[in-house]
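So you can see what is in the structure, the chains are spelled out below.
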Amino acid sequence: MTADAPANAPADVDPGIRPAVTPEAGSGPEVPTGLPPVTEIATVTLALIVVGGIYMSAYLPRHSPLGVPFGLLGAAAVLIVTNLVLLVRLRVFAWGLFFRVWRWALLAYCVVAGMLEYVFVYDGTRGKMLLVLSLMLAVFALTVPTIIAFTVARFQAVDPEATRAESR
Amino acid sequence: MVDTTTVQEVQEVTAPSGTTPRAGPEGVGPGGPPGTPPLTRPAFQIVPLRALPFVAIVLIGLVVSIAGNWLWALDFYHVVGGGLWTGIDLFVGFVIGPILGRLSIPARIEFTTRFMPKMLVIMPTLVTMTLGAGFQLARHLGTLDSAYPHHAWVVVSFVVVGIMTVVALGILEPANIAVLFELKKPQPDGEVIGRLMKRFVYSAGITGAMQVATLIIMTRLAT
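Residue numbers (our numbering), protein chains in the order written: chain S, 1 to 168; chain X, 1001 to 1223.
If you are wondering where the hints come from, they were derived from the structure by calculation, not from laboratory data. Treat the hints loosely; a few may be bogus.
What the hints assert, rightly or not - Keeping only pairs whose Cα atoms sit at most 20 Å apart, straight-line, the calculated EDC-like set for lysine to aspartate or glutamate is:
1) X:Lys1184 to S:Asp159
2) X:Lys1185 to X:Glu1110
3) X:Lys1185 to S:Asp159
4) X:Lys1184 to X:Glu1110
5) X:Lys1198 to X:Glu1110
6) X:Lys1198 to S:Glu40
7) S:Lys128 to S:Glu117
Next up, chain S with everything else stripped away, as it sits in the complex (with noise of 0.2 Å):
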């Protein structure tokens, strides 16, 4: 379900369809409804963070003038902190599945953000533009198990009683 769209869908328009959401409330597990835009906010992150990398690309073998590329981060990095508090103000998620996803998804991203720092330092990149690439990587490892395990756990109906319960 999309954050926009209504997830108990009346099964005289959907007979097909498992209800998504128990239509009486309290009646047991449903999918959540109105969640915030984490894997738009995160698909931007990552957008920010190509566009740096294809930025200082283009001056290769030179350094890159490193404004624009500092700028891109620190803006991604404010986008990462936006989706860390969207995230941590969710009740109603399924957070188990949510960060079972996440970490095995993170172990894939680091071996992938891994093995292009190692090409990085392989091809004598140093000090600051080094710097520069190793936090773009870090956003990356860090933005993409974000996206997967969100888009993942949103489709999971929780039991919104039982998440309450658990979060006093």
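Position chain X relative to chain S; hints supplied.
Frame of chain S, contents of chain X only:
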């Protein structure tokens, strides 16, 4: 993400009690016409663990090729990885996608449960192979150098790859994984699967179109 839960060889996908089993808007609903037996779907792992050793071998080979500055190996990784990546993207986006949309619901579910886990392993491996080897190859051949006469084409290829990266990692891969998790449920939601599959096929089409641009750029650079 790695699901090692033992599952029955064939799992039944039943419509919930109290609802009339029928296809969803995208036709990937869990049910069929009233009175038909429940749909079945093959057991599957979200990440096929048996494939991971092959992925490890490929990635170790890539690291060794980069460390050893083996031009032939880098060329091999780049050409083979790029060719397969391009071919699969185009094939999925423009051949498999439209066919998938016309399959019956049980066929679509069965195809998806067998196809998507493999894509989850194959595509990131091919992308890593192609880009890692390509970057090093370009460095060795001097095409990365901003003094290179066709440097503008190289930068355009960066942009194309950048767009594909954002589409693939921001839309395509998450949709792929979410479909698999939905199919793992005792009662998959056909509407969710339909929406995610639509997103998967459309984004595969976009990356397929980007791949045509890549083919033009790469053949231009190699000429």
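Consistency of the hints with the structure:
1. X:Lys1184 to S:Asp159: With a Cα-Cα distance of about 19 Å, the restraint between Lys1184 of chain X and Asp159 of chain S holds, given a limit of 20 Å.
2. X:Lys1185 to X:Glu1110: Distance of about 15 Å is within 20 Å: holds.
3. X:Lys1185 to S:Asp159: The given pair, whose Cα atoms are some 16 Å apart, holds under the 20 Å limit.
4. X:Lys1184 to X:Glu1110: Measuring from Cα to Cα gives roughly 12 Å; hence the hint holds.
5. X:Lys1198 to X:Glu1110: 16 Å, holds
6. X:Lys1198 to S:Glu40: Measuring from Cα to Cα gives roughly 18 Å; hence the hint holds.
7. S:Lys128 to S:Glu117: 14 Å, holds
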